[in-house]
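Protein chains in written order, with the working numbering: chain B, 1 to 323; chain V, 1001 to 1323; chain W, 2001 to 2323.
Derived by calculation from the structure, the hints in this document are not laboratory data.
Derived, one-sided and incomplete: chain V residues facing chain B with beta-carbon distance under 10 Å:
#	residue
1	N1120
2	S1139
3	N1155
4	T1157
5	E1186
6	T1189
7	A1254
8	G1270
9	V1271
10	G1273
11	H1302
12	Q1309
13	L1311
14	R1312
Have a look at the derived ranges for each label pair, beta carbon to beta carbon:
#	chain 1	residue 1	chain 2	residue 2	range
15	W	P2294	V	H1098	48 to 56 Å
16	W	G2187	B	R32	33 to 41 Å
17	V	L1290	W	E2011	54 to 62 Å
18	W	Q2033	B	H274	18 to 26 Å
19	B	R318	V	S1279	21 to 29 Å
20	W	G2297	B	E112	56 to 64 Å
21	W	Q2048	B	R125	40 to 48 Å
22	B	E112	W	R2032	32 to 40 Å
23	B	H274	W	G2297	18 to 26 Å
Glycine residues also receive a C-beta, built at the ideal position from the N, C-alpha and C atoms.
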Amino acid sequence: MTEVSVASLAELVGGRLVGDGGRRIVGLCDLRQAAPDRIGFVRHPRYQQIAADTVAGALLATDEFETAASLIVVDDVDVAYAKVAMHFHPLPLAREHHVHPSAFVHPEAVLERPVEVGPNASVGRCKIGPGTAIKAGASVGDGAQLGSDCLIHANATVGHDCVLGDRVILQPNAVVGSDGFGYAREGATWHKVPQLGHVVCGDDVEVGSNSAVDRGTLGVTTIGARTKLDNLVHIAHNCTIGKDVVMAAGAMVAGSTSMGDRCVLAGQVGVSGHLKIASDCRFAGDTVVLRDVPEPGDYMGHPMMTKRQYLRLMRDQRRSVSD
Amino acid sequence: MTEVSVASLAELVGGRLVGDGGRRIVGLCDLRQAAPDRIGFVRHPRYQQIAADTVAGALLATDEFETAASLIVVDDVDVAYAKVAMHFHPLPLAREHHVHPSAFVHPEAVLERPVEVGPNASVGRCKIGPGTAIKAGASVGDGAQLGSDCLIHANATVGHDCVLGDRVILQPNAVVGSDGFGYAREGATWHKVPQLGHVVCGDDVEVGSNSAVDRGTLGVTTIGARTKLDNLVHIAHNCTIGKDVVMAAGAMVAGSTSMGDRCVLAGQVGVSGHLKIASDCRFAGDTVVLRDVPEPGDYMGHPMMTKRQYLRLMRDQRRSVSD
Amino acid sequence: MTEVSVASLAELVGGRLVGDGGRRIVGLCDLRQAAPDRIGFVRHPRYQQIAADTVAGALLATDEFETAASLIVVDDVDVAYAKVAMHFHPLPLAREHHVHPSAFVHPEAVLERPVEVGPNASVGRCKIGPGTAIKAGASVGDGAQLGSDCLIHANATVGHDCVLGDRVILQPNAVVGSDGFGYAREGATWHKVPQLGHVVCGDDVEVGSNSAVDRGTLGVTTIGARTKLDNLVHIAHNCTIGKDVVMAAGAMVAGSTSMGDRCVLAGQVGVSGHLKIASDCRFAGDTVVLRDVPEPGDYMGHPMMTKRQYLRLMRDQRRSVSD
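Starting from the given sequences, assemble the full structure and let the hints guide the process.
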């Protein structure tokens, strides 16, 4: 943990300081297990009473109130918490250059120092930016390009020629760059179509455990900047996923679909191939999307309908099944 | 295989011995491919005719009947079979202490002998109990604690600080301890919330291939003792899953949901976050659970309803679609 | 890339040559970025105008038309493209025998030269046919048998005793041979039933990233020749899947179900256990199959119905929810 003044934390989160900014803080705390060198969080006014009596050195809150702690007043405690927590618990990136002796690194790989390559990891003839850590057992293929401060967790796989921006995180056993599911049918038989494209993940993308992003058949599968994929998510070949998209666990998008920015897919949503999904669409859990969605909004159902239509259907169903 | 007397097997399964308990048995057999040093199984009375003529040395059965074989009479042949089969085909745990030369074990790791660490596995600064085997390519993070007789299969990943009880099994490529899917939204952008908690799996938990159990954001994600997760199951951060729960493939539970004991989730069930599910709930395949379930019982549908309601809905649907 | 004459390519794809067969071709091209030593593709007559002016040395097309390029006329451009693309971009199989020094190969393993074993891969006491490549971090268990020209991608796992035919491909982090989800219930508790069977994959099977095929409890889980499984697919123990079956991402089949040849499962289809599915059944995305399907045809819905019934249900639903 890195000691820091309350004033510096206020600056980090863009908050307004109330009280002593010089106090030294070494970490986070719960309001009930506070200490003078810790910072706590008041997410809701109903906790102000507890917070008034805290011995925490500082508090994040949305309002000013009576307390012995220094206050950092912010619009959104969750966002401020994320930034403060990341300060005290930074990601396990490469701080010094270290290639574990059991790891394999191709002699022509270009590693911009510092890079960490963990035990039994395998790094092909690729380029890796500074700060990036490749954890135990992970594999990076030939021709891949990883930006700075990426975190490739244990047993994750980055396929050949794939491109990751800066600060991309792959959770354990995630795969970026598997072959697209492409076959040409001749009679009863399916011939494999070589998957010659690759994947481009923008800056700050995160891919969850056991998720898979397939490479393009010829072109590129694109995951836009800051998009977050939960565990067990599937993105098929040649999809173009926008920026700031969030997909919860089990969401799956079939081939060549393009999706705008800021879409939210809840768990187990399925999206067919070759569709166009507008920006700012939100799909409830388990929605099945079989057609283009040209307008932003809330969608749900199997097959997908608008939220309004779905609620009407549910009302009818409830009537039908009630005793 | 370990030779054993029929009397010992009867004791192992808590069955009643009929006939010669001194016969030596070396393994299992099918009734049609029997041998005098093998034990067979009569799961249903209709097979007693075949079993009467068997040359198997012993038979497990629910009833006494005429046969040259020694009989072990039990209430449940399946349970007795599981125990006998496990006797002759024990799990590939560590019998003698062996760290493969290609494996990495942190010099400060505490391995209670015997532990097996397979080829190209990576074991951080953690504690591992006796009998536990870490198979090829598997990874165990710093601060993890594994009990005795655990089986971490090939390429599975145990994240830092996670705790596994005794006899926990992770199937190949399973992940315990990936980061929870936690972000704080600021405008269009999602800030990663550091996931500072961990996972606790009770004794005798099993996690299937390519399944993922996320660590808590601050606290713990808990999997109760004897709970079994099939392949491609997702348990999000801060869930509390009870004991003796069974989840079939593709079942997914979103964050902070708590679930009682003995629940059964069939394949592809989805459970929303922040819900409370009572003990002894059974969810049919593909059920979508969007609300608390305070009562035990059978549930199905999208969204979830009681079995009774669902069957009524299905009857209406069938009428609607019939020719 | 391997230089080849247009005449040879025509022979490779079984096409009719029109024009100069002696031109040398070194690779594929897009019609707009063509070159005299490249071959392009005219998938639809509407592109003939562009193709007429191309400088590509050769073109694949379904019809003869005016162009300076040599033409290879075929029935199906997609199939011909797959074959030509595979010629110029062959799979990364073993061309020369090479075991990476960081890999583990059991001293009693039988590797028919040439075999490639990549960095930090682990190969047990198994048999591997010529041409097969085991990529970085992959694991092959004891007793496994792999045919010729198989491709086991990074961090994939082949369990002990599993059998792969020739030209089988496992995408990164795929698992073949995890334990089946088999337990015997005694009161509230589930006893693990040892999973003593294995998996047999026929020739030309492909298994996608993070997919899992469980071994049989006693017998075999079978994946028929040329069957293709996309990412995140689950095949439970003792299933018998036919030949030329295609399963899209997230399809899951529960235990002991048998399925005929040429079935097509779209994304996230769920099939219950112990069912019999006829050959030539096609299931739309997210279909839930709870009963036997004795007749070929198109099926959809939760639970599954015929396409005809489903469309009627949807018509009724649309009427019910329309404004």
